[in-house]
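Protein chains: 2
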Amino acid sequence: MCQLLAMNCNVPTDIVFSFTGFATRGGGSDIHKDGWGIAFFEGDGVRHFVDHEAAVASPVAALIRRWPIKSKNVIAHIRKATQGQIALENCHPFVRELWGRYWVFAHNGDLKDFAPLQDGPYRPVGSTDSERAFCYLLQELRRRFGDCPPELPQLRDALQELTAAIAAYGAFNMLLSDGRALFAHCSTKLFYLVRRYPFAQATLADDDLSVDFSQVTTPNDRVAIIVTEPLTTNETWQQFHAGELKIFVEGSPLDV
Amino acid sequence: MCQLLAMNCNVPTDIVFSFTGFATRGGGSDIHKDGWGIAFFEGDGVRHFVDHEAAVASPVAALIRRWPIKSKNVIAHIRKATQGQIALENCHPFVRELWGRYWVFAHNGDLKDFAPLQDGPYRPVGSTDSERAFCYLLQELRRRFGDCPPELPQLRDALQELTAAIAAYGAFNMLLSDGRALFAHCSTKLFYLVRRYPFAQATLADDDLSVDFSQVTTPNDRVAIIVTEPLTTNETWQQFHAGELKIFVEGSPLDV
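Protein chains in written order, with the working numbering: chain A, 1 to 256; chain B, 1001 to 1256.
Honestly, the hints are just simulated from the structure, not real lab data.
Since the structure is predicted, the reported quantities are computational estimates derived from the model, not experimental observations.
Check the hints yourself; a few may be wrong.
[As the list claims (entries may be wrong)] Sample of chain B residues lacking proximity to chain A, with all beta carbon distances greater than 12 Å (derived):
id : residue
1  : G1035
2  : R1066
3  : V1095
4  : C1135
5  : Q1154
6  : T1188
7  : Q1201
8  : T1203
9  : L1209
10 : F1213
11 : E1235
12 : W1237
13 : E1244
14 : K1246
[To be verified] In silico lysine-lysine, BS3-like type, Cα no more than 25 Å apart, as pairs:
id : chain 1 : residue 1 : chain 2 : residue 2
15 : B       : K1189     : A       : K80
16 : B       : K1070     : A       : K70
17 : A       : K112      : A       : K80
18 : B       : K1246     : B       : K1189
Glycine included, each C-beta is placed from N, C-alpha and C at the ideal position.
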């Protein structure tokens, strides 16, 4: 099993604090040492970093811990291989293009005998159940909506149905973003919180580090963090229900 | 106009020496300061780095100058914006998936009024003529060969025809790789050389740096470098003919 981390905000924000705690789990405080990856949307573009070294030992992870890349949508993943060998092409997040936008996807869980008909233009490059599920999702979205991206409520309904169908094959906690919205589906375990005014101090569970967010934010900032296991010890994390799909836009969970 | 650099080898090789000279042109010794990017195949996976900062000032470029990532196929690009604003989504190289493999593409040149019918699954995310040409190439390859990747001679014929058609709209020097072969098309300017045994010393044209390749290679190593302008002052670079498409496999240009 793996661990997931995502951030969705209303202003471009750096993820250095959360990534520092999260990356410590990649071979440091935890067993997730079979690679890691992170993707940052910046406008319509994506910065995509993957590595099959443990995150604690990776020179790219060290760069990201120091370099405050600002983004409104970030998805990160640390891997404990269950299916697929330890190789770059099996590291999450995965990136594909649909409707002229990049889509980024990461998965925690294990799908058994998930072998959908793949007759669309999206084919896995690696050998994970996760990339297979991502390609299937995009194939089915394209099949339903053709060349025209749907509005958010229609997209939500389609993803609700597709994620439920995939989750019938096993644990399917997943994060998906097109750089505008962030979709999070929980099948077994996922938490979130929204940091907003008045901001307070937060202390990492995995690292000897605190940040007083009131010193580095403005009153209008809003930041949602979605993660497999709560990252901080002194904030209240909300647990997703099994089967729940949430959409985050501009730092808030939506009711659509 | 932009500058291109590619490497194709028979054993995974680092590109630190060539990239150091090349990146110096990105805002240092040259005017190419509107972003840069590099993609390394590693097995079937790709490490993809893009930045809209000048390469000389970019923290990621600094990391790559220090970190010897080993790869058999690398494509790099430094950008002088002609079409499309300075933005991450407009930085080359671009990456898409076709036939279950990643394809990496970079372009030097300027296409005028190139607006092909884009009715396949590949759509540009940014606003460059280059990404439009890449999406068109993949669309047409998929249209000709369906779900079955062709053999190299058939692929070469198709690319020869498609690159010639695109070059009718303007300068189309381009690099394309699926991680197995590297395709290089010249319409106005492109050079290459093959480094092989007996290896000698090479001295960068843009930087005060020499490497004695005989000290860092084995007699079986073979490395082809393809570039817009020769990188070294003491090696013999071959110039491509206008309209020439070359395929490099395992460090050698092929006759197919």
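Can you name, in rising order, the numbers of the hints this structure does not satisfy?
As far as the earlier hints go, 1, 2, 3, 4, 15 and 16 are violated by this structure, in ascending order.
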